[in-house]
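Q: Sequence:
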Amino acid sequence: MADSDSAIVVEGLRKTYRDKQALAGLDLTVPRGTVHAVLGPNGAGKTTCVRILATLLRHDGGRAEVAGYDVLRDPDQVRYRIGLVGQHAAVDEELSGRQNLEMFGRLYHLGGRRAAARADELLERFGLESTGTKAVGRYSGGMRRRLDLAASLIMRPPILFLDEPTTGLDPRGRTEVWNAVRSLVDGGTTVLLTTQYLEEADQLADRVCVIDGGRSIADGTADELKARLGGDRIEVVLRDAGQLSAAASVVGTATHAAEVETDPDRRRLGARVTDRVAALTETVRALASAGIEAEDIVLRRPTLDEVFLHLTGEPAMADTSRADTATASTGTSTAHTATAHTAKKQTAKEQTAKEQTAKEESSV
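full-length UniProt numbering applies: residue 1 is where the sequence shown begins, and numbers increase by one.
A portion of the hints provided could be inaccurate.
Restricting the straight-line Cα-Cα distance to at most 20 angstroms, the calculated cross-link-like pairs of lysine to aspartate or glutamate (EDC-like) are [said to hold, decoys possible]:
| # | residue 1 | residue 2 |
| --- | --- | --- |
| 1 | Lys134 | Asp92 |
| 2 | Lys20 | Asp60 |
| 3 | Lys134 | Glu93 |
| 4 | Lys134 | Glu121 |
| 5 | Lys134 | Glu124 |
| 6 | Lys20 | Asp202 |
| 7 | Lys20 | Asp5 |
| 8 | Lys134 | Glu94 |
Hints listed in this document are in silico derivations from the structure and should not be mistaken for laboratory results.
Produce the entire structure from the sequences given, and follow the hints as far as they go.
A: Encoded structure:
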């Protein structure tokens, strides 16, 4: 078994699709009770990694353990301990939120009463209790994704895989999902998150793994990765573009920067600095002494977008061209299988029959 402090351990993981190598020796360790984000450009292997860890795909080499169990030798033990939320909602839009959760509870053999109680508990936990009786088709995007999260937690799995869970959501919907994820981690759940929104990783993740070409090329906290770019950045916008060259020389001397970047079209220059307070103070003083008038001077920290570009050579972008996306996103949890789809109509009929019986009894 894996280290008890680690929820997920991946060593030298390899996977090839025909002549394309999706994973080429990936290493990844996710501590228990944390959010670990996996970032990478198109085709880097993010979804392939999640599919292997969720026992939806067999790897060709290396080792992968989830909750202390090998994904090949003990797939049933792994499935019992995980939830999976894919890129697309897999709840039935014709059923209400409560009916969806009760249905998945019954698929897990909870029984009617326990399934109903668990549904009510999850609706309250995710702020959906007031809309639990409404058809899911009337839910907003953020509400549907919160219902997806709720469905994946029917059996209280200690580990949750989120494969780009906020794709297609507006800012409000993304914020709703972020808040829900934070509440899960506060309760002890371990989350492995793949995302195309670097702000999402910055907001949620305790650690970030950047993969490219099927390998991990960087792993650390967001601040640690940002520090690789050489610290904070000072940016100056001049009133007179004709002073740009002189200002670049002054700022370079004042901040001891190795390089000062200039943008004549925007009358802007920028440099990496190590001591933000001293850099700002010296820059303001030096520009004033040189008679150079600045319209704006700001200090800002590097973004994960800049880290991503620096590490991979590519800007962050929507990962929509992967061949395995559709297969990986057929369900929102390990319970969302073909059985779920065949049971939906029957569950709806049972619910309708119960409601009719209740009406008849109340009229007697």
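Q: Could you run down the list of hints and mark each one as holding or not?
A: Evaluated hints:
Restraint check: the Cα-Cα separation between Lys134 and Asp92 comes to about 12 angstroms, which is no more than 20 angstroms; the hinted pair holds. A hinted pair counts as satisfied when its Cα atoms are at most 20 angstroms apart, and Lys20 with Asp60 qualifies at roughly 13 angstroms. Pair hint Lys134 plus Glu93 holds up; C-alpha atoms about 10 angstroms apart against a cutoff of 20 angstroms. For the suggested pair Lys134 and Glu121, the alpha carbons sit about 17 angstroms apart, so the restraint of at most 20 angstroms is met.
As the CA atoms of Lys134 and Glu124 are separated by approximately 14 angstroms, the hinted pair is consistent with the 20 angstroms bound. With a CA separation close to 31 angstroms, the supplied pair Lys20 and Asp202 exceeds the 20 angstroms bound. This hinted pair does not check out: Lys20 and Asp5 have alpha carbons roughly 34 angstroms apart, beyond 20 angstroms. In summary, the hint linking Lys134 to Glu94 is supported, as the alpha carbons are separated by about 9 angstroms, within the 20 angstroms threshold.
The earlier numbered hints that this structure contradicts are 6, 7.
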